[in-house]
Amino acid sequence: MRHIISILLENEAGALSRVAGLFSARGYNIETLTVAPTEDVSLSRLTIVTSGTDAVIEQITKQLNKLIDVIKVVDLSEAAHVERELMLLKVRATGKDREELKRLADIFRGHIIDVTESTYVIELTASGAKLDSFIQAIDAGLILETVRTGVCGIGRGERILKI
Amino acid sequence: MTMMTGAEIVIRCLQEEKVEYVFGYPGGAVLHLYDALFKQDLVKHILVRHEQAAVHAADGLARSTHKVGVALVTSGPGATNAVTGIATAYMDSIPLVIISGQVPTEYIGQDAFQECDTVGITRPCVKHNFLVKDVHDLAVTIKKAFFIANSGRPGPVVIDIPKDITAAKCRFEYPETIQLRSYNPVVKGHLGQIKKALHLLLEAKRPMVYTGGGVILSNGAEQLTKLVRRLGFPITNTLMGLGAYPASDQQFLGMPGMHGTVEANLAMQNCDVLLAIGARFDDRVIGNPDNFSSIPRKIIHIDIDPSSISKRVKVDVPIVGNVPDVLDEMLKLLDAGSAGPDAAVLADWWKQIDEWRAKQCMKYRKKKSIIMPQYVIEKLYEVTEGKAIVTSDVGQHQMWAAQYYKFDQPRRWLNSGGLGTMGVGLPYAMGAALANPGTPIACVTGEGSIQMCIQELSTAKQFRLPIKIINLNNRYLGMVRQWQEMFYGSRYSESYMDSLPDFVKLAEAYGHVGIRVERPEDVEGALKKAFVDHKDDLVFIDFITDQKANVFPMVAAGKGLADMLLTEDL
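Quick mapping for you: the protein sequence lines, in order, are chains Z and F. Number 157 in the numbering used here belongs to position 157 of the first sequence; there are no gaps in the numbering. Counting the second sequence from 1 gives a position; the numbering used here is that position plus 163.
What the hints contain is simulated information worked out from the structure, not anything from laboratory work. Where hints are given, some of them may not hold.
Each computed BS3-like pair below joins lysine-lysine, with the alpha-carbon atoms no more than 27 Å apart [unchecked claim]:
1) F:LYS477 - Z:LYS102
2) F:LYS359 - F:LYS230
3) Z:LYS66 - F:LYS306
4) F:LYS230 - Z:LYS72
5) F:LYS495 - Z:LYS62
6) Z:LYS66 - F:LYS230
Computed Cβ-Cβ distance ranges for the label pairs, DEER-style [claimed, not checked]:
7) Z:SER17 - F:LYS550: 45 to 51 Å
8) F:PRO348 - Z:ALA80: 27 to 33 Å
9) F:THR340 - Z:PRO37: 44 to 50 Å
10) F:ASN454 - Z:ALA129: 39 to 45 Å
11) Z:ILE30 - F:ALA275: 31 to 37 Å
12) F:LYS207 - Z:ILE154: 51 to 57 Å
13) Z:ALA80 - F:LYS358: 53 to 59 Å
14) Z:ASN29 - F:HIS362: 37 to 43 Å
15) Z:THR32 - F:VAL303: 34 to 40 Å
Since the structure is predicted, the reported quantities are computational estimates derived from the model, not experimental observations. For every residue, glycine included, the Cβ atom is placed at its ideal position computed from N, Cα and C.
In isolation and in its complexed conformation, chain F is listed as follows (with noise of 0.2 Å):
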């Protein structure tokens, strides 16, 4: 075996762990590993603009595909502008390998340039972290790093590695599996709670099944849709769980919730059965979990982490399991059994729930004059066939796109729902385009959010990335002013933008298509210029939108779930 330097070892690692991309940014304390990425090309570098936008690409990598996002920056600033990354991708259990190097290991503590202590700053917000002090260890490190990061509850895992063990050589062996004595999540459900669970369910009167995020970063779709269509039972899927049940199908009551349906807000609300998966009753999903509670219903909750459950709310069946293991079990006892569910109770339920839908809380008023967010997102949808993989930054322009996009798959749908950051559609974007290649790819977004990553710009030329940029220009940050709006008395501090940029022009700048859009006439020729004419371009469409426009309906913070504000519109 020949000697390997700690860079040759780390590259040679994520070959091994077979990945296409690393997204990142040179810098001091990574320059052995630069050096050993340029002496191959199984690896390919994908350099960003900022430290950011690296970690979301990866982020972005990873939502679409299951495949672990890694990103490599350099130590101190570049560890730091990380940080949002990572955070992002912890709170929404996103798996990704972070490698950041590191003053050599002798000047560690000794505030010397471009140092910080990023696997201090770093432990709150990963689900683990490394500080590699021997070139030894630094195979095996990776090994468990890829392997915690992709398993149990995914989640981003730092690897710190000192400039000097990217120097240093050692023999290389790339152990074939792994084993932690203090690590070994459970992937098999207690056989005999699923049974309870499975007759809690038939048993039920108005059940309701309420699935998030856990379920898409399973891959637990196809059984979730085997399940709930078997049993005919309404289902909600939450904001990072869209795609996980087909939108377009008549069981699907919409999304849950703050800006959720009435229809899926009031089933959660009076079930008598809930069953939720993947999910953890987080207040923009219940709301006031007093009041939530207040409401007798038994809950079954399946779930990989045991601490997401009984953590908000009083669960009453636990299942702790990986989602399509336990999904195929209860599949498995339905079809030996011959008990299903009593038609005729389920009619009157949904009898019930037809008449929450009558309500047709969606609607909106379509002006002739100026363009309204909310028909921009169905034109995208009609456009791009309900096919496109849609990224989104944070605000109104992603309330609405997880409202009016059905996404009928999961991992279409790429946004942050835990730490809810702006700045990450167009990363996003990049790392979804780049795995999913043929996929068009959307980013809605605003003129606030965009702006948070608009250096990537720069990175989508360079590497020929096809985005469609989908701005909902309403020249306020939407969201903020709404709260202002409806809590504030309409004080609008600090929301309104004044000078943006032509974005047209920026995007010409770059070396992109821009095209601006004032009329709702023009929206749908727009799109299909973008999608059609432009489909090997990156196309900057700014909507110039309805500055009055509001997310409905609303659940304020801190009220219970009935508790919706509708729309005045209708």
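For reference, chain Z alone in the conformation it holds in the complex (with noise of 0.2 Å):
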């Protein structure tokens, strides 16, 4: 099962890695991490994507409590939420594939932020899905560059992670 954690920690040198090695100590799978400061700049907000059974994803959870840098965890993924993921790609835009992107970008609710005479950055906002379908939907020898930011998450309502 595909889980998203997120985690509050210190903003302190070091945090990430003890998270990161965490993972890879215990034999644990990283499918996207994402991590920047909160409106607390002494805290940092995690977003962790994993999969595995009821099991080890008990044993993440306590696992990542037990870090001395983490504040708090949550498995977003346990109740209502909402994720995002941001990507930018670089296509190969000439003759008649330039039309045929921009309405694909349309469709998607991308932005072409970069424009040259033989290329386009396409800026993505969506779930890791549906940024799945749209490079699905591009023809693959079209795409010179792809760049994710790995899923960031939130609950919805009143579900809130603070300290």
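Reassemble the complex: the two chains are provided individually, in unrelated frames, and hints are given to aid placement.
What follows is the structure in structure tokens.
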């Protein structure tokens, strides 16, 4: 099962590597990982997408909580939440492909944020699955580069992760 | 307030923490610290001969006292040499503070002389670590380190201090208390859960108590003994938990696990309610977890570390909390209520256990011509009247010491249970000897293990540590040889030790007393000579023992607990 785990941790040198090291040392997998400071700069919010059995996820949560730098851990996917991921896609855009790519970007509610004679950079924010379908919708031969931020997510309504 | 250098601040903090002994080895990056040490005499420095031993010795001190052990090492190789000691302490949850020197801040990352990423290297084997980048953070970091090391589930904490920070100056202020928003270990157990557990225990037909190192570390032995006596249940202590309940008591079934007794293992396997306290269902204790879980039983698990609960075996009643607090609560509830265990039901269970006991699985055949290693431990127990602090290394001798020395008190048995580090025995004995003057200290070891930290004979001489080294010398890496005999068609690949030193002469060369014992009838006399005549000396007794002796019972790796191999001697 895929899980999105949100973590509040001290914004200190080495805190991220403690989290990443925990996953590698115990053989848990990381599908995506995003981290940045919150509105309180002494805190970082980290989102990890991982997968495993219930027992594995329980251990991951407990082991994360055990890290001294970790303040709170929540499994977002346990309840209602929204998730988004940002992707930048550089494509070869020449001839009739230019129109087609523009149209596809519109359909997926993406934006073209850089244009040259031969390339576009398309920005797209959506769920990971939707980003995947966008990539599939484009002729693979036209894709020059893709960059994805990894998932960040937040609970719906009054579900709040804060100290 | 006067200005102090970083080095002076470090030493002052150690004084504030009432640290009596620091085990260490000087080097370039810690010269300021050693200079500050030199200018005071409250904190005594014990100069070891290898940094690994500094950490082990601090660890031995901590294990034998409940104090935080402190080690001081230099940057680069000093820190990397300390890693084995740190990992050893981490696996057994021992509270340590390790201070390592680091190259000056501006050199970090430039491959400077004796530079290594100490914080990075130690990260997976510490409870927490710090790199101090500002002298103003130094005192508070040290306060945090001591607090983290010895609270919750204890563990080693590394503080890496660049050389320039030890030279920089600032005002000294030591915080009296410390609060960490991200670290608040639970102490009190959940009352509802405790009641639920008690209910299960009182209803049990075949109850069993299984306790580990957590009871020793939390100083919960007294409460445990009270509770178990009160309930009249059988109890087993793991290798790390020996001494939590008096081993000479009738309710004690011996150690469980790979080399546990028949009665302890079968009671673990066949009980209907298992009370696990400060233990972690380690592979060496329960064998194959699937086999263990295939038998229906209710499990109650008390532990301060939530991640230890339901890690290897699913638990029915988890209780997160500090062991003595939870047990106090249980005793209080027992006192308040009228219910007790059903004596008749319990008598049936004990009848079954006594049948298992009647197998006398620990019996071994004594020989006239050659010393049996088990016999040495039995005699050691007699001669020291069960009052010694016994340290051990890792291997057959460790198991025999655990099986045949009856520990009636906690903190008397020091060994590396988790990491299984050969070489800890002598440095553990050093730490224990310093912290427990007047208590007899025996280091039970083998000719393989003792050579892993043999250089510490020199430290022991310098600080006049009256350790008795009980060397069970069978000229083999015995445990390896045993596995090779049993599982590898007796192909003794690299397990025979040729060209051993003359240990008597070696001990003498270091200025100690050496004795060689080759006949069973001389065992007791030699031990008396060591513990009585040479009470204040380090004595190295080299017992030449049976090469073929194996440790039994044995549950082979990956097998279920009931699948025990027993000695063929009987």
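Do the hints match the structure? See the list:
At most 27 Å may separate the alpha-carbon atoms for a hinted pair to count; LYS477 (chain F) and LYS102 (chain Z) exceed this at roughly 55 Å. Note on LYS359 (chain F) and LYS230 (chain F): the hinted pairing is violated, with a Cα-Cα distance of about 34 Å set against a maximum of 27 Å. Among the hinted pairs, LYS66 (chain Z) with LYS306 (chain F) is consistent with the structure: their alpha-carbon atoms are about 19 Å apart, no more than 27 Å. Only pairs whose Cα atoms come within 27 Å are accepted, and LYS230 (chain F) paired with LYS72 (chain Z) is rejected, the gap being roughly 30 Å.
A hinted pair counts as satisfied when its Cα atoms are at most 27 Å apart, and LYS495 (chain F) with LYS62 (chain Z) does not qualify at roughly 30 Å. A C-alpha spacing of about 22 Å is found between LYS66 (chain Z) and LYS230 (chain F), which places the hinted pair at or below 27 Å, so the restraint holds. As the Cβ distance of SER17 (chain Z) to LYS550 (chain F) is approximately 47 Å, the hint placing it in 45 to 51 Å holds. A hinted range of 27 to 33 Å for the beta carbons of PRO348 (chain F) and ALA80 (chain Z) is consistent with their spacing of about 32 Å.
Between THR340 (chain F) and PRO37 (chain Z) the beta carbon distance is about 28 Å. The supplied range of 44 to 50 Å is therefore violated. Taken as a hint, the range 39 to 45 Å holds for the pair ASN454 (chain F) and ALA129 (chain Z), whose Cβ atoms sit roughly 41 Å apart. About 33 Å separates the C-beta atoms of ILE30 (chain Z) and ALA275 (chain F), a value consistent with the hinted range of 31 to 37 Å. The hint said 51 to 57 Å for the Cβ distance between LYS207 (chain F) and ILE154 (chain Z), and at roughly 55 Å that hint holds.
The beta-carbon spacing between ALA80 (chain Z) and LYS358 (chain F), approximately 34 Å, falls outside the hinted interval of 53 to 59 Å. Between ASN29 (chain Z) and HIS362 (chain F) the beta carbon distance is about 41 Å. The supplied range of 37 to 43 Å therefore holds. For THR32 (chain Z) and VAL303 (chain F), the hinted distance range of 34 to 40 Å is satisfied, since their beta carbons lie about 35 Å from each other.
Checked against the numbered hints listed earlier, the structure breaks hints 1, 2, 4, 5, 9 and 13; every other hint is satisfied.
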